[in-house]
Amino acid sequence: MTTNLRSQSGPYFGDFGGRYVPESLIAALDQLEATYKAAKADPTFAMELAELHRTYTGRPSIITEAKRFAASTGTDVRIFLKREDLNHTGSHKINNVLGQALLTKRMGKTRIIAETGAGQHGVASATAAALFGLECTVYMGEVDTERQALNVARMRLLGAEVIPVKTGSRTLKDAINEALRDWVANVDNTHYLLGTVAGPHPFPEMVRDFHSVIGIEARQQMLDEYGFLPTALAACVGGGSNAIGLFHAFLDDQDVAIYGFEAAGDGLDTPRHAATLTYGRPGVLHGARSYMLQDEDGQTMESHSISAGLDYPGVGPEHAWLKDLGRANYWGISDKEAMDAMLQLSRTEGIIPAIETSHALAGALKLAKELPAGSSILVNLSGRGDKDMETAGKYFGFIADTNAAPAGGSH
Amino acid sequence: MARKTTAQVLRENKDSGKGSLVGYFPAGYPSVEASIEAAVAMCENGVDVLELGVPYSDPVMDGPVIQAATLTALEQGFKLKQIFDVVRGVTERVDTPVLVMTYWNPVLQYGVDRFAADLAAAGGAGLITPDLIPDEANLWLTASDAHNLDRVFLAAPTSTETRFETAAKLSRGFVYAVSTMGITGARAELDALAQKVVGGVRKADPAQLTCVGIGISTAEQVAEVNGYADGAIVGSAFVKAYAEGGIEALKAEVQALASNLAR
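Respectively, the protein sequence lines represent chains U and Z. Here the first sequence stands for residues 1 to 411, where the numbers follow the numbering used here. Here the second sequence stands for residues 1001 to 1263, where the numbers follow the numbering used here.
Don't take every hint at face value.
Derived DSBU-like pairs (lysine-lysine); straight-line CA-CA distance at most 30 Å [to be verified]:
#, chain 1, residue 1, chain 2, residue 2
1, Z, Lys1196, Z, Lys1081
2, Z, Lys1079, U, Lys166
3, U, Lys336, U, Lys369
4, U, Lys166, U, Lys323
5, U, Lys369, U, Lys37
6, U, Lys394, U, Lys323
7, Z, Lys1081, U, Lys166
8, Z, Lys1081, U, Lys105
9, U, Lys67, U, Lys166
Derived, one-sided and incomplete: chain Z residues facing chain U with beta-carbon distance under 8 Å [said to hold, decoys possible]:
#, residue
10, Asn1013
11, Gly1017
12, Val1094
13, Asp1095
14, Trp1104
15, Gln1109
16, Val1112
17, Ala1155
18, Val1178
Output of the computed footprint for chain U on chain Z, the stretches with three or more beta carbons under 8 Å from beta carbons of chain U [what the hints assert, rightly or not]:
#, stretch
19, 1047-1058
20, 1160-1172
21, 1228-1239
I should point out that these hints are in silico values taken from the structure, not numbers from a laboratory. Backbone N, C-alpha and C fix where the C-beta goes; we use that ideal spot for every residue, glycine too.
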């Protein structure tokens, strides 16, 4: 197969993508696309962003081989971790945020708004707003403000206004609705700093480009430090930004298998999951045509995951395209499998991963048992787990849960 | 007698100096039956073109009043195919043109051509599509032509000349001018931007009709808009009246908002 998947750009990825938004937003999307194109063609933009990454984000992020974690699979498969958790603010989200903050300045806008699920994108946005002197409002589902209270405090400390969203399922989906409503009303001075590879064009392409540094670095690091490319890639998929960031540089490496791990929540045999690519079907949500969880009438269904960052009934259009092409595989990982992997990595490597990321780690453990001897897996360690200590502490019984959740359940 | 088209009604009211009131009500709110009664009452009390909303889980163009009403409808178990029951229930009793306002995914999942066929069979006039821009509307352009339905696209204060031209050329019935940069919901003052949008559409195609929506809640505003556009679209004010005082309050609100239009 001679393909050039890496060169694919928006607005469409096969049948997916597009701009299914109110006319009121078209001018803003056009302006963003034009600004982004001009920035891409301007070497000073790339230099400015690279300098920020070097002196502020802490890039390049390192690769750590997880030997004891890998050994726990009982195979000889090697597992490598791309350490996006070591970035400033604790996750991959900063890659995209700094890029879009620079574009906000170029557009002459003074205010950014953002949606957030786990709070990582909200924290990264609040951070960039502080750094660039921008006003910042973050929309966060009320349910998520409760399970990610620490990140709410971080955002407020950074000077951002955090608005708990009380409509719908009160999670990430509804936070995006509120952010879109704000944007329609305030588009003159406001940039919507969308945090994932979903949404209308140019967001899926642009956010992917800003995160593609993950895969570009990792690919070179594997070659330089180990002398080979991994057999397989593993990343968690909610909207899909950290996953596409890792995958993109490897899309045309036909020998590298690609695996995305979605949240299966209570399990794929239950209705309580967020496995959009596994169980959804194509539709339009939040401005793009992609896979989504919906009922027969096209009403969006509520997703469920212990991880706020994966609790989303949609997914980026490029993932939908890669799934239909057969280039990437998407599996579901249950809450329990993810939490087991979180514990496992913490106790074998001394690295506490985010619950989102733990889905990728659980996926890697499963995958290791299916790959041939001598294989290797590169996992995107997309975020650190500090923010999840309350959820994890209650789940594992390390701290008292006043709600007295049954064993194995935590929220 | 043959039902008049949306454009015929608007044009006649314009030419006779009356002006038009386009009224929105959510189908299925507070129940399928009650929404038919409410919609018929609106048509009998001064609404010239009816706009029936399809309840949807993610209504990004709607403000809190309409969000709450459509959520109620969904919680009452509203199913998409019931939109045709509501359209039929209204068109059987009044001659008012009935447009359906819907976000795009429900239509996409039902099947665009099938939706158009069932809407036409129910006596519906066409669709208003708030999150479907002409650029993404190929399936709908084909289906609406095949079933002779109106298709109302939106135009905004930030639309370019080219986009005004596209909206004017591809809309049938009228172009929905978004009066302020914002979501539905009453505002104290209508934005001068609305006039700019109407002017933009008219410049692109002097024969096309334009109604102004979003932010209209008083009789003065309805009359003012009809001074430069071909109709005023009111939604939240009607839903709010119904929520607070039932069908009698809704009738009174429709009469009040239509009162400054010459009759």
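Here is what the structure says about each hint:
With a C-alpha separation of about 38 Å, the suggested pair Lys1196 (chain Z) and Lys1081 (chain Z) falls outside the 30 Å cut-off, and the hint is violated. Proposed proximity of Lys1079 (chain Z) and Lys166 (chain U) is supported: the alpha carbons are some 24 Å apart, at most 30 Å. Taking the CA atoms of Lys336 (chain U) and Lys369 (chain U), the gap is about 18 Å. The hint holds against a cut of 30 Å. A distance of roughly 33 Å separates the Cα atoms of Lys166 (chain U) and Lys323 (chain U); the hinted pair therefore is violated under the 30 Å criterion.
Distance check on the hinted pair: Lys369 (chain U) and Lys37 (chain U) sit about 44 Å apart at the alpha-carbon level, beyond 30 Å; violated. For the suggested pair Lys394 (chain U) and Lys323 (chain U), the alpha carbons sit about 36 Å apart, so the restraint of at most 30 Å is broken. Between Lys1081 (chain Z) and Lys166 (chain U) the alpha-carbon distance is near 28 Å, which keeps this suggested pair within the 30 Å criterion. This hinted pair does not check out: Lys1081 (chain Z) and Lys105 (chain U) have alpha carbons roughly 47 Å apart, beyond 30 Å.
The suggested pairing of Lys67 (chain U) with Lys166 (chain U) is violated, with an alpha-carbon distance near 44 Å, which exceeds 30 Å. The closest approach between the C-beta of Asn1013 (chain Z) and any C-beta of chain U is roughly 25 Å, which is over the 8 Å cut-off, so the hint fails. The criterion of a C-beta within 8 Å of any C-beta in chain U is not met by Gly1017 (chain Z), whose closest approach is roughly 30 Å, and the hint is violated. Because the closest C-beta pair between Val1094 (chain Z) and chain U is about 27 Å apart, greater than 8 Å, the hint is violated.
Here the hint on Asp1095 (chain Z) is broken, as its CB sits about 30 Å from the closest CB of chain U, past 8 Å. At about 5 Å, the closest approach between the beta carbon of Trp1104 (chain Z) and any beta carbon in chain U falls short of 8 Å, and the interface hint on this residue holds. The beta carbon of Gln1109 (chain Z) is positioned within 8 Å of a beta carbon in chain U (closest approach about 3 Å), and the interface hint is therefore held. A least Cβ separation of about 12 Å between Val1112 (chain Z) and chain U goes past the 8 Å threshold, and the interface hint is therefore violated.
Interface restraint check: Ala1155 (chain Z) against chain U, minimum CB-CB distance 6 Å, threshold 8 Å, status holds. Of the supplied interface hints, the one on Val1178 (chain Z) holds, with its beta-carbon coming within about 6 Å of a beta-carbon of chain U, less than 8 Å. With 3 residues having a Cβ less than 8 Å from any Cβ of chain U, the stretch 1047-1058 of chain Z passes the three-residue criterion, so the hint holds. By the rule of at least three residues with a Cβ nearer than 8 Å to a Cβ of chain U, the coverage given for the stretch 1160-1172 of chain Z holds, with 3 such residues.
With 0 residues carrying a beta carbon less than 8 Å from a beta carbon of chain U, the stretch 1228-1239 of chain Z misses the three-residue requirement, and the given coverage is violated.
Hints 1, 4, 5, 6, 8, 9, 10, 11, 12, 13, 16 and 21 from the list above are not met by this structure, while the remaining hints are.
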